[in-house]
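**Student:** One-letter residues, chain by chain:
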Amino acid sequence: MSVNYEQIIEALWETIYMTGAAFSFSLLIGFPLGILLVVTRKGHLLENEPVSKVLNIVINIFRSVPFIILMVAIIPLTRLIVGTSIGTAAAIVPLVFYAGPYIARLIENSLLEVDKGVIEAAQAMGATPMQIIFRFLIPEALSSLVLALTIAVVGLIGASAMAGAIGGGGLGDLAITYGYQRFDTLVMFITVAILVVLVQGVQSLGNVLSRTVRRN
Amino acid sequence: MIQFEGVAKTYQSGKQEIHALNGIDLTVETGEIFGVIGFSGAGKSSLIRTVNLLERPSAGRVLIQGKDISTLSSKEIRTTRKDIGMIFQHFNLLNSKTVYHNVAMPLLLAKTPKADIEKQVTDLLDFVGLADQAQKYPDQLSGGQKQRIGIARALATNPSVLLCDEATSALDPQTTKSILDLLRKINKEYNITILLITHEMGVIREICDKVAVLEAGKVIEQGSVFDIFSNPQQPTTKRFVRSVMNDELPDSLLAQIQAAESDNAIYRLQFTGTSVGKPFMSRVSRDFKVDLNVLFGNITELQGVPYGNLIVEFSGEPSEIELALSSIRESDIHIEEVNNYVS
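Taken in order, these protein sequences are the chains called B and W. Note that the numbering used here numbers the first sequence so that position 3 is 3, with each residue one more than the last. Note that the numbering used here numbers the second sequence so that position 340 is 340, with each residue one more than the last.
Hints are not guaranteed to be accurate.
Below are the BS3-like pairs computed for lysine-lysine, each with C-alpha atoms no more than 27 angstroms apart in a straight line [stated by the list, open to error]: (1) W:LYS185 / W:LYS136; (2) B:LYS116 / W:LYS82; (3) B:LYS116 / W:LYS278; (4) W:LYS289 / W:LYS278; (5) B:LYS116 / W:LYS289; (6) W:LYS185 / B:LYS42; (7) B:LYS42 / W:LYS82; (8) B:LYS53 / W:LYS15; (9) B:LYS53 / B:LYS42; (10) W:LYS15 / B:LYS116; (11) W:LYS111 / B:LYS42.
Simulated from the structure, these hints should not be mistaken for lab results.
So here's chain B without its partners, still in its complex pose:
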C-alpha cells in the first residue's frame, strides 16, 4: 500500500472537517433562505412576489452548476474570502456555495409539509409571523428537517471528495491521488469503505435524531 495509516486518518479528519465546516456555514445561509422561500410564497405568511422570484432564480442558478465546475468558477471569490484557492480551507468556500442553496430547497420542502391548517390556527390565535415560524412551522417540521439535513450532510461528504481536485485533501483526494492515479487498489478500497461507513453512520444518526425530535 502506497499510503500509511496516519495519512488515512488525516484524510478522514480533513473530510470530516470540510464537511462539518461547510455544513455549518451552509446551514447558516440555507436555513434562513429556506424559511424565506416558504413564507414569501403566494398566499403565505409574508407573501412577496419579487423576493420570492429573485430568490428562486438565484438558488436555481447555483443548483444547476455541477460542483466540479462551481469549484473552479468561484476561485477568485474563494481567494478573496480565505486568501488562497487551494487547500482544505479553500475547498470549504465552494462547498458552502454548493450546499447552501441545496439546504435552502430541502428546508423549503420540509416546511411546506406542515399542514396549512396549523398555520391558520396560529394566525387565528393572533400569532405574529415570527411566532408562527418559530413556534409552529419549525417545531412541526423538525423531524422532517432533521432528515432533510441528513441528506445534505451525505451530499456534502460526496462533494467534499471532489474537492481533492483543487487540493482540498480528504478521503476523495487520497483515493484519486493514490488509488486512481497510482493504481493502488487497496487504497481505493479502504477509502471507499471508510466513506461507506461514514455515510451509514451519518444516516443512522439522522434517523435516530429525527425520531427523537418528532415530539419536541
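For chain B, the structure is supplied; the task is to place chain W on it using the hints.
**Tutor:** Just chain W now, kept in the frame of chain B:
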C-alpha cells in the same frame, strides 16, 4: 355582537372570478349561538373567516362590537384575534407538542407568566374533561378528544366570541353530541357568542338559537331555529330540514294510497308548543262525522319547545270534513292540504 354588512368575497381563479360571498347581511347577537348552514361551496368557510380576517372581504364590512375590523392595523388585528377563539374541522393541533403545550400555546404567545399558564391550562383541561391526558400527544387521542384540546386552546385567551368551522364534521354522531354539549356549556357558563358553520342540520337543531341558510354566497333564509324548522320557505332550507326531521310519507304508504285511488283528503298538521298535548283527533271525530287516519307522524323538540307533525287522511262527507278542518284551524294547529303525494 358581530355584524356582516354587504360582505362580499371574490377570488381570482385564473381568468375566472369566483364569487364566494355575494353581499351577506347578518347580525349575530351577543351571547347567542348562531349557525350558518349550507352545502359545500356555498361560502360558509369564507364567511366565518372574514370574522377574524383569515380572509379579507372584497367588499362590505364586518363589525365586531361595532368596530369595523378591516380598518385595523396588523397589530390591532392580532389583538382582536385573541378575543376570537376558533376551532376547526381537522383540529389543527401541533402534533409535535403535548396536549398541555397545545393548550398553553396562546398564552405562551401572549408571554403570560409560567405560573399563570400552568393554572389556566390545568383549569381548561379540567373543563373540557382532559385533565388526565395533559402529557399525551394529539396523535394518541381520539377525534373527540382532539376537538376538546382545540376548544381548550381556543378558550385560553378568554375570548368573547368562538368560531366553529365544521367543528363536528369529522366526528361520529356520539362524539358530535358530546362536543355540542360542551359548546352549549361554554355558551352558558362563559356567555361566549358562538358562530358556527356546518352542513349538518342536526347540529343546528341541537344547539343553535338562530340559523342562516347560505346558498351560492347569499343568505337565502334566516330566522330562529324554531321558525326555520317548523316553516321552511326555500327549497334548499326544506331539504336541510327534511335531512333531520323526516316529514314525508314513507314510499310504501304512498304507493298504497295511490293504488287505492281514494279521493279522501290528506292534510299535514303541525302542532307547536301547547297544542301538542291536546286530544284534537278524538274531539274532531266525535264532533263531526269524519274518520281520521294517521298516515305518518312525529313529535320532536326544537329549542326546548315540542313540535309535532302529522299527516292525516280525512274520510267522510265533504261538508263534514270542511267543518272539521275549520274547527282544527281554530285550535292553534297549522294545517295544509298535501295533494302532491297522490298523483
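**Student:** Now look at each hint and say whether the structure bears it out.
**Tutor:** These are the hints, each one checked on the structure:
Straight-line distance between C-alpha atoms of LYS185 (chain W) and LYS136 (chain W) comes to about 25 angstroms, which keeps the hinted pair within the 27 angstroms bound. Taking the CA atoms of LYS116 (chain B) and LYS82 (chain W), the gap is about 20 angstroms. The hint holds against a cut of 27 angstroms. Our distance criterion of 27 angstroms between C-alpha atoms is broken by LYS116 (chain B) and LYS278 (chain W), whose separation comes to about 56 angstroms. Distance check on the hinted pair: LYS289 (chain W) and LYS278 (chain W) sit about 20 angstroms apart at the alpha-carbon level, within 27 angstroms; holds.
For a cut-off of 27 angstroms, the pair hint linking LYS116 (chain B) to LYS289 (chain W) is broken: about 68 angstroms separates their Cα positions. Pair hint LYS185 (chain W) plus LYS42 (chain B) does not hold up; C-alpha atoms about 40 angstroms apart against a cutoff of 27 angstroms. Among the hinted pairs, LYS42 (chain B) with LYS82 (chain W) is consistent with the structure: their alpha-carbon atoms are about 26 angstroms apart, no more than 27 angstroms. The hinted pair formed by LYS53 (chain B) and LYS15 (chain W) meets the criterion: a straight-line CA distance of about 22 angstroms does not exceed 27 angstroms.
Of the supplied pair hints, the one linking LYS53 (chain B) and LYS42 (chain B) holds, its CA atoms being roughly 11 angstroms apart against a limit of 27 angstroms. At roughly 25 angstroms between alpha-carbon atoms, LYS15 (chain W) and LYS116 (chain B) fall within 27 angstroms of each other, so this suggested pair holds. Restraint check for LYS111 (chain W) and LYS42 (chain B): not satisfied, since their Cα atoms lie roughly 30 angstroms apart, outside the 27 angstroms limit.
Violated hints, listed in ascending order, are 3, 5, 6 and 11; each of the other numbered hints is respected by the structure.
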